[in-house]
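Here's the letter readout for the chains.
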Amino acid sequence: MPAVRAVLCLCALVSGVAANAAQAPDFEALAASARWQALMHVNPGATLRSIGASYVDDADFFLAPDGATDIEAELVATWQALKPKASPARCRFPARYRFLAEQLGWTEAAPLAHCHDYLEWREQMPIGQLVLVFPAAYLNSPSSMFGHTLLRLDANQDPDAVWLSRAINFGAQGGAADNSMFYIWQGLAGGYPGQFSVTSYVEKIRDYAFVENRDMWEYALKLDADDIDWVVRHLWELRGINFDYYFFDENCSFRLLELIKVGRPDAPLMTDLRFAELPVNTVRALYEADLVAQRRYRPSKAGELEALAARLAPAERDLAAALRDDPALTAADRFQAYAPVRRHRIAQVAYQALRLGHREGERDPDVARKSLALLRVIQRNDAPPSEPLTPPAAPEAGHGTQMAHIGAGRQDGREFLSFGYRLTYHDLFDPLAGFLPGAAIEGLDIGLRVDADDGLELESLDLVNIRSLAPRGDFVKPISWFVHAGLEQAPVADHERRLAGFLQGGPGASWRVDDLFAYVFAVGRLESVSRQRTDAALGGGAEIGLALQAQAVQWGVHARWLEFTSHFSRLRTGLTVNLPVSAQNALRGECSRETWRSEAVAGCSVSFRHFFD
Amino acid sequence: MKKLIIGAALLGSSMTASAVAPGGPGCGWGNLLFEGSSGLPAHMLATTVNGTSGNATFGMTSGTNGCDTSGSLTYSGDSLLAMNGVLEEVAQDMAVGHGEALTALTVAMQIDTADRAHFDSIMHENFAQIFTRDDVSSGEVMENIQAVMKRDDRLSHYVS
Numbered sequence: 020m021p022a023v024r025a026v027l028c029l030c031a032l033v034s035g036v037a038a039n040a041a042q043a044p045d046f047e048a049l050a051a052s053a054r055w056q057a058l059m060h061v062n063p064g065a066t067l068r069s070i071g072a073s074y075v076d077d078a079d080f081f082l083a084p085d086g087a088t089d090i091e092a093e094l095v096a097t098w099q100a101l102k103p104k105a106s107p108a109r110c111r112f113p114a115r116y117r118f119l120a121e122q123l124g125w126t127e128a129a130p131l132a133h134c135h136d137y138l139e140w141r142e143q144m145p146i147g148q149l150v151l152v153f154p155a156a157y158l159n160s161p162s163s164m165f166g167h168t169l170l171r172l173d174a175n176q177d178p179d180a181v182w183l184s185r186a187i188n189f190g191a192q193g194g195a196a197d198n199s200m201f202y203i204w205q206g207l208a209g210g211y212p213g214q215f216s217v218t219s220y221v222e223k224i225r226d227y228a229f230v231e232n233r234d235m236w237e238y239a240l241k242l243d244a245d246d247i248d249w250v251v252r253h254l255w256e257l258r259g260i261n262f263d264y265y266f267f268d269e270n271c272s273f274r275l276l277e278l279i280k281v282g283r284p285d286a287p288l289m290t291d292l293r294f295a296e297l298p299v300n301t302v303r304a305l306y307e308a309d310l311v312a313q314r315r316y317r318p319s320k321a322g323e324l325e326a327l328a329a330r331l332a333p334a335e336r337d338l339a340a341a342l343r344d345d346p347a348l349t350a351a352d353r354f355q356a357y358a359p360v361r362r363h364r365i366a367q368v369a370y371q372a373l374r375l376g377h378r379e380g381e382r383d384p385d386v387a388r389k390s391l392a393l394l395r396v397i398q399r400n401d402a403p404p405s406e407p408l409t410p411p412a413a414p415e416a417g418h419g420t421q422m423a424h425i426g427a428g429r430q431d432g433r434e435f436l437s438f439g440y441r442l443t444y445h446d447l448f449d450p451l452a453g454f455l456p457g458a459a460i461e462g463l464d465i466g467l468r469v470d471a472d473d474g475l476e477l478e479s480l481d482l483v484n485i486r487s488l489a490p491r492g493d494f495v496k497p498i499s500w501f502v503h504a505g506l507e508q509a510p511v512a513d514h515e516r517r518l519a520g521f522l523q524g525g526p527g528a529s530w531r532v533d534d535l536f537a538y539v540f541a542v543g544r545l546e547s548v549s550r551q552r553t554d555a556a557l558g559g560g561a562e563i564g565l566a567l568q569a570q571a572v573q574w575g576v577h578a579r580w581l582e583f584t585s586h587f588s589r590l591r592t593g594l595t596v597n598l599p600v601s602a603q604n605a606l607r608g609e610c611s612r613e614t615w616r617s618e619a620v621a622g623c624s625v626s627f628r629h630f631f632d
Numbered sequence: 010m011k012k013l014i015i016g017a018a019l020l021g022s023s024m025t026a027s028a029v030a031p032g033g034p035g036c037g038w039g040n041l042l043f044e045g046s047s048g049l050p051a052h053m054l055a056t057t058v059n060g061t062s063g064n065a066t067f068g069m070t071s072g073t074n075g076c077d078t079s080g081s082l083t084y085s086g087d088s089l090l091a092m093n094g095v096l097e098e099v100a101q102d103m104a105v106g107h108g109e110a111l112t113a114l115t116v117a118m119q120i121d122t123a124d125r126a127h128f129d130s131i132m133h134e135n136f137a138q139i140f141t142r143d144d145v146s147s148g149e150v151m152e153n154i155q156a157v158m159k160r161d162d163r164l165s166h167y168v169s
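Taken in sequence, the protein lines are chains A and B. Final position of the first sequence in our numbering is 632; the numbers increase by one with none missing. Final position of the second sequence in our numbering is 169; the numbers increase by one with none missing.
It should be emphasised that the hints constitute simulated quantities derived from the structure, not laboratory data. Source: prediction; values computed, not measured. Worth double-checking, as some hints may not be accurate.
[Claimed, not checked] A partial selection of chain B residues facing chain A, derived with a Cβ cut-off under 7 Å: (1) Glu44; (2) Gly94; (3) Gly148; (4) Tyr167.
[Stated by the list, open to error] For each label pair, taking beta carbons as the anchor points, the in silico distance ranges come out as: (5) B:Lys159 with A:Ala326: 32 to 40 Å; (6) B:Val168 with A:Arg315: 48 to 56 Å; (7) A:Val600 with B:Ala126: 48 to 56 Å; (8) A:Val502 with B:Asp124: 50 to 58 Å; (9) B:His166 with A:Phe46: 54 to 62 Å; (10) B:His107 with A:Ile498: 34 to 42 Å; (11) A:Pro333 with B:Ser130: 31 to 39 Å.
Glycine included, each C-beta is placed from N, C-alpha and C at the ideal position.
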């Protein structure tokens with residue numbers, strides 16, 4: 020033991036000498052290094068707020084008083100704080116310690132041995148593989164409409180039990196009473212602090228894939244154990260540290276890129292301006308930086324059920340629906356006539372359909388009894404493992420998130436040119452690959468027209484336009500809905516259209532046969548037209564339509580009738596055809612006719628639509 | 010010596026955590042099969058804000074609220090089963106004969122890779138002895154699993 024102590028002392032002496040020898044490290048050069056910039060979360064120009072300063076909005080993260088804006092001062096303060104042996108600051112900043120030790124040649128044997136909390140926590144952090152996880156869009160929660168991203172830490176590459184892995188999440192830290200609308204408002208306004216958290220991955224699978232029924236995409240990253248060591252050390256430094264949370268740019272996806280950059284500071288991850296950072300663009304950025312090793316698809320429970328049910332013959336599907344309601348039918352000849360393998364498959368669909376509706380909510384003894392009865396049937400009828408599900412096109416294979424269009428048309432005998440821009444993201448007739456069928460989300464969509472008489476006019480400005488066509492089937496009966504708000508030219512008198520502010524929406528139902536959706540909505544509309552005698556009009560009615568979402572072409576027809584309280588009605592009918600000509604380009608033809616009392620405004624247009632990021 | 014004391018203290022704290030956790034809301038030995046996930050306030054928050062409640066959710070062995078979501082790598086099989094929603098997935102995997110939940114259980118129970126397929130098939134065969142009732146609790150399921158393992162030559166040494 021004395022010998023060991025002597026060696027330790029010698030080490031301390033040597034490192035002291037080394038530090039003395041390097042009396043004044045070149046702080047300027049060190050502070051400019053990519054790793055220090057990453058550790059400090061310096062904004063390299065990726066967003067417009069405070070370029071060159073740290074994104075961290077928490078005094079606890081900095082050792083120098085002006086550390087947030089002067090990262091060289093922070094480096095000097097860090098050097099002073101971490102240099103002394105057994106310094107408590109080392110336990111707060113293990114990644115900074117590693118940075119200084121490597122740069123300045125500190126060679127202490129066990130420099131963090133006194134950091135019991137860190138070591139205990141660190142012991143439980145697997146360092147085998149870092150994975151970006153992308154639970155796909157979830158229309159029923161506004162803050163998850165574009166999907167969410169998180170990181171996963173696995174014990175090794177190709178892990179056989181990701182249920183035991185760790186999830187690293189960046190999210191707003193709110194109270195349990197917060198609801199989504201308030202969250203979005205606060206998120207946009209920057210009112211929420213965001214923090215990193217570390218939880219168990221099985222909880223995330225449960226929340227996303229089992230309860231919310233979102234498919235999950237898992238992208239294993241090419242970070243080696245050494246890179247991941249940096250990430251995990253730095254994660255500890257971010258424990259309880261607040262960042263500003265902005266829904267549009269400094270959101271979960273953006274923060275994860277910063278964290279990955281700590282492991283790979285040279286990766287070109289934040290070189291571009293990243294406004295409206297969407298999870299899918301984070302995935303694309305990782306592919307572009309050549310950081311993705313492998314992609315894996317984890318279907319939601321609903322997706323799994325749908326796929327397994329599709330493999331049954333129609334008669335088997337009917338039987339599965341019957342078994343779900345009454346498992347006693349498994350004793351009937353109708354079921355027993357099948358071979359054991361078929362019985363297994365049918366009972367499995369019946370079981371999964373039963374559970375789909377009952378994973379949330381109070382425990383129901385009757386459902387529990389039926390569930391176990393079906394499991395016993397599954398168990399008694401052996402079958403080889405099912406073929407794995409074929410994944411749909413991955414989200415990053417989809418068209419770009421922004422879109423510009425230009426076109427021409429004719430309305431009421433007058434020709435016009437049209438052009439416009441949409442910030443985000445996808446409508447029912449845009450190329451489908453990589454997007455959720457039946458889901459449309461549009462934000463900030465501006466359409467302009469020029470004609471000989473009126474010159475340039477605003478045709479429409481959609482602030483938000485969301486449609487969820489959730490098809491009803493044998494096993495699920497979801498509600499479809501839409502909400503749409505903005506400005507548009509609306510017919511207000513014979514042959515006259517005026518710009519109207521509107522908010523409309525309603526619940527509905529939809530059905531799906533292969534690529535064809537049929538839908539019906541109840542519609543409520545509140546409208547306010549400039550320079551009208553009445554300030555606002557309230558209307559109610561209905562909309563019906565068809566939408567075909569095939570890979571080669573998309574088309575739809577719809578009719579919407581509205582009766583307003585101020586004694587007028589409108590009937591709008593429309594036809595849309597969309598023809599993708601390449602991955603990022605499409606041609607679209609549209610015709611519509613809208614009546615004002617008995618007079619109609621009718622027109623058709625064609626446009627070229629280009630998608631980009 | 011000092012190291013030993015620290016080790017004991019760490020062990021003590023994590024044992025406390027897992028002893029307390031099963032009694033936590035929506036989680037624990039009282040967890041019945043087909044429980045559903047109601048009464049899990051964290052879920053609402055996770056859905057709406059992609060976030061977590063600010064209550065020490067950093068994978069620490071103490072201070073987590075609700076389920077013992079702490080040492081996921083050091084999960085024993087029983088704390089895994091006690092987690093909300095897991096029991097149901099294990100039941101389905103045992104009925105089918107394989108699956109991710111069952112694999113996670115074998116890893117948590119530290120069953121050798123070479124014995125996992127055997128474990129899966131023994132669990133499948135003895136499904137009726139393990140999931141005895143539709144309101145069996147996670148604690149009973151763990152006892153039943155161990156009883157089945159004790160009767161099997163290849164698996165008995167894991168529970169002795």
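To see whether the hints hold, each was checked on the structure:
no. : hint                               : verdict
1   : Glu44                              : 5 Å, holds
2   : Gly94                              : 5 Å, holds
3   : Gly148                             : 17 Å, violated
4   : Tyr167                             : 16 Å, violated
5   : B:Lys159 with A:Ala326: 32 to 40 Å : 39 Å, holds
6   : B:Val168 with A:Arg315: 48 to 56 Å : 33 Å, violated
7   : A:Val600 with B:Ala126: 48 to 56 Å : 51 Å, holds
8   : A:Val502 with B:Asp124: 50 to 58 Å : 54 Å, holds
9   : B:His166 with A:Phe46: 54 to 62 Å  : 59 Å, holds
10  : B:His107 with A:Ile498: 34 to 42 Å : 35 Å, holds
11  : A:Pro333 with B:Ser130: 31 to 39 Å : 33 Å, holds
Consistency note: the structure conflicts with the earlier hints numbered 3, 4, 6.
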